[in-house]
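Engineer: Taking the UniProt record's numbering, the leading residue of the sequence shown gets 1, the next gets one more, and so forth.
Since the hints were derived computationally from the structure, they do not count as laboratory data. Possibly wrong hints are sitting among the right ones.
With a straight-line Cα cutoff of 25 Å, these simulated SDA-like cross-link-like pairs (lysine to any residue) come out [what the hints assert, rightly or not]:
1) Lys409 - His149
2) Lys363 - Lys330
3) Lys178 - Ala230
4) Lys370 - Gly183
5) Lys363 - Asp248
6) Lys178 - Thr110
7) Lys409 - Asn480
8) Lys409 - Pro190
9) Lys23 - Asn136
10) Lys100 - Ala79
11) Lys363 - Asn376
12) Lys222 - Gln179
13) Lys100 - Val81
14) Lys363 - Lys236
15) Lys370 - Gln360
16) Lys159 - Lys253
17) Lys253 - Lys163
18) Lys222 - Asp164
19) Lys330 - Ile293
20) Lys363 - Asp221
21) Lys159 - Val34
22) Lys163 - Ala79
23) Lys363 - Ala264
24) Lys236 - Ser125
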Amino acid sequence: MGHRTMRQPHTLWPIENEFNERKVNDAGLPMWAVTDDKAAPVNYTPWWLLLGLALLLPMIAGMALIPSSRLNMLLAILAVVDIVAIAVFYLRYVGRLQEKLACSERWNETVFERNDIPLWREDWSAARDAVLQLLNAGERDIHAYFSSHPAELRQLRSKVLIKDVNQAAMNRAGVTNKQALLGSLEALLPDTDETFLQWLVAFAVGDTIYRSETHITLAGDKTRDTLFSAALPRNKRDFANILVTDLDITAYKAAQARAAHAEAEIARATRMTMMGALSASIAHEVNSPLAAILVSSEAALLWLQRDPPFIEEAITAMQTVNQQACRAQKVIDKTRAYLNNAPATVSEHAVDKLVYDAIQLIKRELRALKASVLVNLPGDLPSVLADAVNIQQVLVNLILNAAQAMEGKTGPRDITITAAVEGSMMHVTVSDSGSGIDEDKLLAIFEPFYSTKHDGMGMGLAICRTCIGAHGGHLWVTNNTLSGAQFHFTLPIAQ
1 MGHRTMRQPH TLWPIENEFN ERKVNDAGLP MWAVTDDKAA PVNYTPWWLL LGLALLLPMI
61 AGMALIPSSR LNMLLAILAV VDIVAIAVFY LRYVGRLQEK LACSERWNET VFERNDIPLW
121 REDWSAARDA VLQLLNAGER DIHAYFSSHP AELRQLRSKV LIKDVNQAAM NRAGVTNKQA
181 LLGSLEALLP DTDETFLQWL VAFAVGDTIY RSETHITLAG DKTRDTLFSA ALPRNKRDFA
241 NILVTDLDIT AYKAAQARAA HAEAEIARAT RMTMMGALSA SIAHEVNSPL AAILVSSEAA
301 LLWLQRDPPF IEEAITAMQT VNQQACRAQK VIDKTRAYLN NAPATVSEHA VDKLVYDAIQ
361 LIKRELRALK ASVLVNLPGD LPSVLADAVN IQQVLVNLIL NAAQAMEGKT GPRDITITAA
421 VEGSMMHVTV SDSGSGIDED KLLAIFEPFY STKHDGMGMG LAICRTCIGA HGGHLWVTNN
481 TLSGAQFHFT LPIAQ
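Generate coordinates for the entire structure from the input sequences, incorporating the hints supplied.
Structural biologist: Next up, the structure:
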């Protein structure tokens, strides 16, 4: 298995470098994989106990070897005093240890049980073993591997166990018994979750802190947005007890969505105003030649209906019709040229950021459609020249189309996004596992007003193709060998 580059897990909540110290050795292995995980021995034998025992042994030996009864009596008294002193000090010492233990237990209860933030104690040993096996086999791009093996990823997720939760987690989940939340992580994370793979990548690259946004399924199939955070293990043993904090950000995400909706409405109103002004301008420019065409064509008909017909006058009127028609065409051509040549903000952009930003824009829609997005991009892809907003809208359209194509399908609904360099162009592919597209419709779906949806306008793919073409690329579609469709587009690579 070839060596590939480690990559940073994608997250909406990045951790500053000074807080997240990545620890790997010279071979690229995380330090937890090569750190001795044996628990350090704890010395519970105080020095005075050893001293008391050391004094007791000569006394006992003296009583056995010395024949003098008076000296034996003295040694016996000293031995008894020594034993009593050892017992008294040891009982006091044990009492202090028990007091410290009780204090520690009370503190743990305060931190874990009485904390207002939901806490989850989880066993990631199975994930540790799977990641370590891949690393030892030479695999360095854990993200790419599991993106290509979604079945293994799902199986591994089912092996991660929730061992304990605090009262805050129970209150949030709406349960009164801890047992309702314990067990496989698969019951908590829905199939549309994208962060499980980010955990595996964080383990592989040696991150010491993990933080990412996701959504979880609670009692009654209630879905909540949450921010997970955890200190990652420093050795193999600690994978059995990872403490994860869980911050509910549902209200924050709803406020974010409302703000985005308000911005979209403002932008829509602005576009409508611009379109109204543009339409009025076009109507004003075109109305005059149309009126002239109407008058001249009516005059030509009248001249031709005379007996005898006035041919010269009719020809003159038709020439006027031709001139005015050319004038109207020039108005349309000028407007089209203006729209096509509107300046776009083209700059260098990382492909993975364009993809992940597009996914975030439609995260709720994908969740509703129960679609999972697997992003399998090499970590060393060059940047592309693009208008970020335009390309994100293209990706949004293609990803949503893929999710809708699998609606009603039983089993996993996976959307795979890949990219590769082909000469001076970047080739991006969005694949689904739906029913595919009829061969006779592979070209027609890009035509304006052609739609396979009962409520579709048929403009989405046509606009996408125009947008990609304006970037100097091309958009086309093919069917998968087994099932589903693949939409491809190219973009120029930034030199």
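Engineer: If you test the structure against every hint from before, which numbers come out violated?
Structural biologist: Result: hints 2, 10, 13, 14, 16, 17, 22 break, sorted rising.
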